[in-house]
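Undergrad: We have chain A; now place chain B onto it with these hints.
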Amino acid sequence: MIADLWSVRPCGIFRTAAFLLLASSSWTAIGTPFVPADDEAVLARLPARQALQGLAPLRVAVAERREDLPTALDLARGYIAIGRREGDPRFVGYAEAVLTPWLARTPVPEPALVLKATALQYRHRFDESLAVLDRAIALEPLDGQAWLTKAALLELRGDFAEARRACAHLTRASDQILALTCLASVNSRNGQLVASHEALLSVSAETARLPSAIRGWSESVLADMAERLGRDEEADAELRDAISALPDDPYLKAARADLLLRLGRPEEAIALTREYESHDSLLLRLAIAGQRAHSPDARRWAAAYEDRLEAAVRAHDSTHTREHALFLLDVRHDARGALAVAADNWHVQRQREPTDLRVYLRTAQLAASRPDLDEINRYLSSTGYEDRNLRADVRYPASGRP
Amino acid sequence: MRVGALILIVLAVFGAPSAYAHKPSDSYLRLEVSPHATQLNGQWDIALRDLDFVLDLDRDHDGTLTWGEVRNAKARITDYALAHLAVEALGAGDRSQCTLNPGDLLVDQHVDGYYAVVRFVAECGIRPTRIIIRYRLLFDVDVTHRGLLNFTAGDSEQAEVLSIDSPAASISVGAPGRWREFHGFVTEGIWHILKGYDHLLFLLTLLFPAVLHYGRSGWVPQSTLRKSALDVLKIVTAFTLAHSLTLSLATLGLVHLPSRWVESAIAASVMLGALNNLRPVVTRRRWVVAFAFGLIHGFGFASVLADLGIHGSNLVLALVGFNGGVELGQLAVVAAVLPMAFLGRHTVFYRRAFMPAGAAIISVLAGYWLVIRLTTTSLG
Numbered sequence: 220m221i222a223d224l225w226s227v228r229p230c231g232i233f234r235t236a237a238f239l240l241l242a243s244s245s246w247t248a249i250g251t252p253f254v255p256a257d258d259e260a261v262l263a264r265l266p267a268r269q270a271l272q273g274l275a276p277l278r279v280a281v282a283e284r285r286e287d288l289p290t291a292l293d294l295a296r297g298y299i300a301i302g303r304r305e306g307d308p309r310f311v312g313y314a315e316a317v318l319t320p321w322l323a324r325t326p327v328p329e330p331a332l333v334l335k336a337t338a339l340q341y342r343h344r345f346d347e348s349l350a351v352l353d354r355a356i357a358l359e360p361l362d363g364q365a366w367l368t369k370a371a372l373l374e375l376r377g378d379f380a381e382a383r384r385a386c387a388h389l390t391r392a393s394d395q396i397l398a399l400t401c402l403a404s405v406n407s408r409n410g411q412l413v414a415s416h417e418a419l420l421s422v423s424a425e426t427a428r429l430p431s432a433i434r435g436w437s438e439s440v441l442a443d444m445a446e447r448l449g450r451d452e453e454a455d456a457e458l459r460d461a462i463s464a465l466p467d468d469p470y471l472k473a474a475r476a477d478l479l480l481r482l483g484r485p486e487e488a489i490a491l492t493r494e495y496e497s498h499d500s501l502l503l504r505l506a507i508a509g510q511r512a513h514s515p516d517a518r519r520w521a522a523a524y525e526d527r528l529e530a531a532v533r534a535h536d537s538t539h540t541r542e543h544a545l546f547l548l549d550v551r552h553d554a555r556g557a558l559a560v561a562a563d564n565w566h567v568q569r570q571r572e573p574t575d576l577r578v579y580l581r582t583a584q585l586a587a588s589r590p591d592l593d594e595i596n597r598y599l600s601s602t603g604y605e606d607r608n609l610r611a612d613v614r615y616p617a618s619g620r621p
Numbered sequence: 033m034r035v036g037a038l039i040l041i042v043l044a045v046f047g048a049p050s051a052y053a054h055k056p057s058d059s060y061l062r063l064e065v066s067p068h069a070t071q072l073n074g075q076w077d078i079a080l081r082d083l084d085f086v087l088d089l090d091r092d093h094d095g096t097l098t099w100g101e102v103r104n105a106k107a108r109i110t111d112y113a114l115a116h117l118a119v120e121a122l123g124a125g126d127r128s129q130c131t132l133n134p135g136d137l138l139v140d141q142h143v144d145g146y147y148a149v150v151r152f153v154a155e156c157g158i159r160p161t162r163i164i165i166r167y168r169l170l171f172d173v174d175v176t177h178r179g180l181l182n183f184t185a186g187d188s189e190q191a192e193v194l195s196i197d198s199p200a201a202s203i204s205v206g207a208p209g210r211w212r213e214f215h216g217f218v219t220e221g222i223w224h225i226l227k228g229y230d231h232l233l234f235l236l237t238l239l240f241p242a243v244l245h246y247g248r249s250g251w252v253p254q255s256t257l258r259k260s261a262l263d264v265l266k267i268v269t270a271f272t273l274a275h276s277l278t279l280s281l282a283t284l285g286l287v288h289l290p291s292r293w294v295e296s297a298i299a300a301s302v303m304l305g306a307l308n309n310l311r312p313v314v315t316r317r318r319w320v321v322a323f324a325f326g327l328i329h330g331f332g333f334a335s336v337l338a339d340l341g342i343h344g345s346n347l348v349l350a351l352v353g354f355n356g357g358v359e360l361g362q363l364a365v366v367a368a369v370l371p372m373a374f375l376g377r378h379t380v381f382y383r384r385a386f387m388p389a390g391a392a393i394i395s396v397l398a399g400y401w402l403v404i405r406l407t408t409t410s411l412g
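Going down the list, the sequences are from chains A and B. Residue numbers for the first sequence follow this note's numbering, beginning at 220 and rising by one. Residue numbers for the second sequence follow this note's numbering, beginning at 33 and rising by one.
If you're looking for bench data, these hints aren't it; they were derived computationally from the structure. Since the model is a prediction, treat every value here as computed from it, not as a measurement. The reader is advised that the hints may include incorrect statements.
Here chain A is said to cover these stretches of chain B; the calculated rule only asks that three of the stretch's residues, wherever they fall, bring their Cβ under 8 Å from a Cβ of chain A [unchecked claim]: (1) 72-82; (2) 100-111; (3) 140-149; (4) 172-184; (5) 395-406.
Here are the simulated distance ranges between beta carbons [as the list claims (entries may be wrong)]: (6) B/Asn133 with A/Val261: 44 to 54 Å; (7) A/Arg450 with B/Ala367: 52 to 62 Å; (8) B/Gln141 with A/Arg428: 46 to 56 Å; (9) B/Asp94 with A/Pro276: 14 to 24 Å; (10) B/Gln141 with A/Glu286: 42 to 52 Å; (11) A/Ala380 with B/Leu406: 41 to 51 Å; (12) B/Leu406 with A/Gln395: 52 to 62 Å; (13) B/Glu64 with A/Asp467: 55 to 65 Å; (14) B/Ala200 with A/Ala424: 50 to 60 Å.
Here are a few chain B residues that face chain A, going by a calculated C-beta distance under 10 Å [claimed, not checked]: (15) Ser57; (16) Leu89; (17) Asp90; (18) Asp94; (19) Gly95; (20) Thr96; (21) Leu97; (22) Asp136; (23) Leu137; (24) Ala191; (25) Pro199; (26) Arg292; (27) Glu295; (28) Ser335; (29) Val365.
For every residue, glycine included, the Cβ atom is placed at its ideal position computed from N, Cα and C.
Extracted from the complex, chain A is given alone in its bound form (with noise of 0.2 Å):
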């Protein structure tokens, strides 16, 4: 009977059902409507409008050159970066609109596929986002950008042996650095940490030549690692190196963001995140951090945070499982209510970068949770997943183990 109590825990159930409520119940988000009383008054900034402007020419060639492929593609990689640097999933989706008539036909353009692949990709759509990959892939066995792709998707979901695979595949049919570090940050997460970081360093300098995206990818795969040798500092540099490097990115503000957070450094998180507010991501850390540094701001931030979380509930959007964990542990300091969360994104989005372990882990431990605590265990021992912080942190509760 005590033992079974261990293993019951607050399952998908509840949050299914808490959709399915949240989905009919009226919503209360909505204002009053209303007639703006000057017509100079400002309604909108469209941040991408210049950006857009600049693909105007090439929307309107994709209107009139219906044969025209390259054209097409052009235009929906341009829309992809848009939707990258603005973090707005509607430019995935208009790139995926612009691909659609050519992925109807036969036989399909192979780089439409990948294109289609990526899109599905920044969707969390990843079962599709293989499926279409492995299309592409058959088409044109030497797409280094296929295969590189298909590396990153497998080494999200942990899935190390393909991804080395997958990784091993761009020697061929690419750059060298980039199968390189390809292939050591999937190792450096399956057992060969050390080694990895060692080896992705001895080329760093080479990295130099290449163009700023590589070279920030690259330091972010470093930083990723020293963070894991418990090297903060140092992480802490490549971090600033690789954002130096991409300005706008917004996933190297959050590494650096949560990095920050982890040193006890939050008025140096907001300083990194303030002008980003229109990002959820990038929000959620300020929430975090202001919370920390009892900032007079801290509410607001985390009621903005929780209005979008809200919104993306409503909608049945499932992407934000990784930051809604993070929102419940460190602003709401729910932390049964965020295992929850967490463990659905380890288990049914398969989301399984250290970001997702770290918060899986400490929701774990802080809602004593034995089964959850096992499957971690057994999937650090079954992959020689290493990470100083982590390691040190992974320990049974007191009575859990007789």
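TA: Positioned in the frame of chain A, the structure of chain B alone reads:
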């Protein structure tokens, strides 16, 4: 390798880990049908950013949208919107395509900025018993766009998410979704008592001794089932009244306690309940204990209900359903435990081994929860 392609590669590598920085493109479509009417009133909130993408509203290309720019485009906005929506009415064997007549254009603010609010009237010609909505706004340019439909008929409300993969909704005007909703809350309540192990353990610590009574020589079997059942009835009723009271107070926003205190107090109640079975302090009127601690457990239930994000008119429905579910779950536990405990009460195992060992394990477990809950959540 071309630089453009390389950049995309890296985008792909970074793409998956971060969730979107923005809410995706959603529109909010509200349709209201009043009984006996052949009309539906519609209100459609569409993000100005989305309209700008398809209608080029920012005429001076300065990166801002003013009310003047939106107002001047009123006809284009309403025409565009209503051309991408079809409403069909079914009733009394007829079907009729409703005519959508545009009304006012307003604006409203949502969590991600201002939306154009298009009001319209759907004239169907017949009294609908079922409405079919076919939605295709923006799907041709944005495959991620969704329409969040809220349909009201009388006091029943239904919600649907319309997407490129499921662009149509068929909604019954007659049969309200209330019953389904209520059913959902009841199920939720049942699950919570059965899976919320701290409530369950507390109940068990009260139930196990109900088949015994404490005398000078320790626990001895209760003589009749009637006595046991009466004891259980009192305990369960007291617990129910108490937690219903605080659940209602907290859910209606009349009382609020920090969750750390509540969770810690719940753990403490389980621990004290178990310790009392080991070294009884309270042996009579245990229903008073059940009532006192029930007040605390009610606050715990309330936090679960709050997590479901219930607002407005659904609140009472949710409260009644959820509480009903909790009671049903509780009755199921009583029905399962009491007969077994009653039959086993004469055995030495029950009194000398099961009771004390169970109580000891539960008290250690609960004590552990208490420490964890007191120390690990830093804010209430």
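Undergrad: Could you run down the list of hints and mark each one as holding or not?
TA: Each hint, compared with the structure:
1. 72-82: holds (count 5)
2. 100-111: holds (count 3)
3. 140-149: Three-residue rule met by the region 140-149 of chain B, so holds; n is 8.
4. 172-184: Held - the region 172-184 of chain B has 9 residues with a Cβ nearer than 8 Å to chain A, which meets the minimum of three.
5. 395-406: With 5 residues in contact (Cβ-Cβ under 8 Å with chain A), the coverage given for the region 395-406 of chain B holds.
6. B/Asn133 with A/Val261: 44 to 54 Å: Taking Cβ atoms as reference, asparagine 133 of chain B and valine 261 of chain A lie about 31 Å apart, which means the hint is violated.
7. A/Arg450 with B/Ala367: 52 to 62 Å: holds (59 Å)
8. B/Gln141 with A/Arg428: 46 to 56 Å: holds (48 Å)
9. B/Asp94 with A/Pro276: 14 to 24 Å: Holds: the Cβ-Cβ distance is about 20 Å, inside 14 to 24 Å.
10. B/Gln141 with A/Glu286: 42 to 52 Å: holds (44 Å)
11. A/Ala380 with B/Leu406: 41 to 51 Å: Given about 44 Å between the Cβ atoms, the range holds.
12. B/Leu406 with A/Gln395: 52 to 62 Å: holds (55 Å)
13. B/Glu64 with A/Asp467: 55 to 65 Å: violated (43 Å)
14. B/Ala200 with A/Ala424: 50 to 60 Å: Holds: the Cβ-Cβ distance is about 58 Å, inside 50 to 60 Å.
15. Ser57: Result: holds, 4 Å to nearest chain A Cβ.
16. Leu89: holds (9 Å)
17. Asp90: Check passed: Cβ of aspartate 90 of chain B comes within 6 Å of chain A, closer than 10 Å.
18. Asp94: holds (8 Å)
19. Gly95: With a closest approach of 4 Å, the glycine 95 of chain B hint holds.
20. Thr96: holds (5 Å)
21. Leu97: OK, holds: leucine 97 of chain B within 10 Å of chain A, min 4 Å.
22. Asp136: Check passed: Cβ of aspartate 136 of chain B comes within 8 Å of chain A, closer than 10 Å.
23. Leu137: holds (8 Å)
24. Ala191: With a minimum Cβ separation of about 5 Å from chain A (threshold 10 Å), the hint on alanine 191 of chain B holds.
25. Pro199: Given a least distance of 14 Å, the restraint on proline 199 of chain B is violated.
26. Arg292: Holds. Min distance 7 Å.
27. Glu295: Since chain A brings a Cβ to about 8 Å from glutamate 295 of chain B, closer than 10 Å, the hint holds.
28. Ser335: At about 8 Å, which falls below the 10 Å cut-off, the nearest Cβ of chain A leaves the hint on serine 335 of chain B intact, so it holds.
29. Val365: Since the shortest Cβ distance to chain A is 12 Å, the answer is violated.
When held up to the earlier numbered hints, the structure conflicts with 6, 13, 25 and 29 and fits the remainder.
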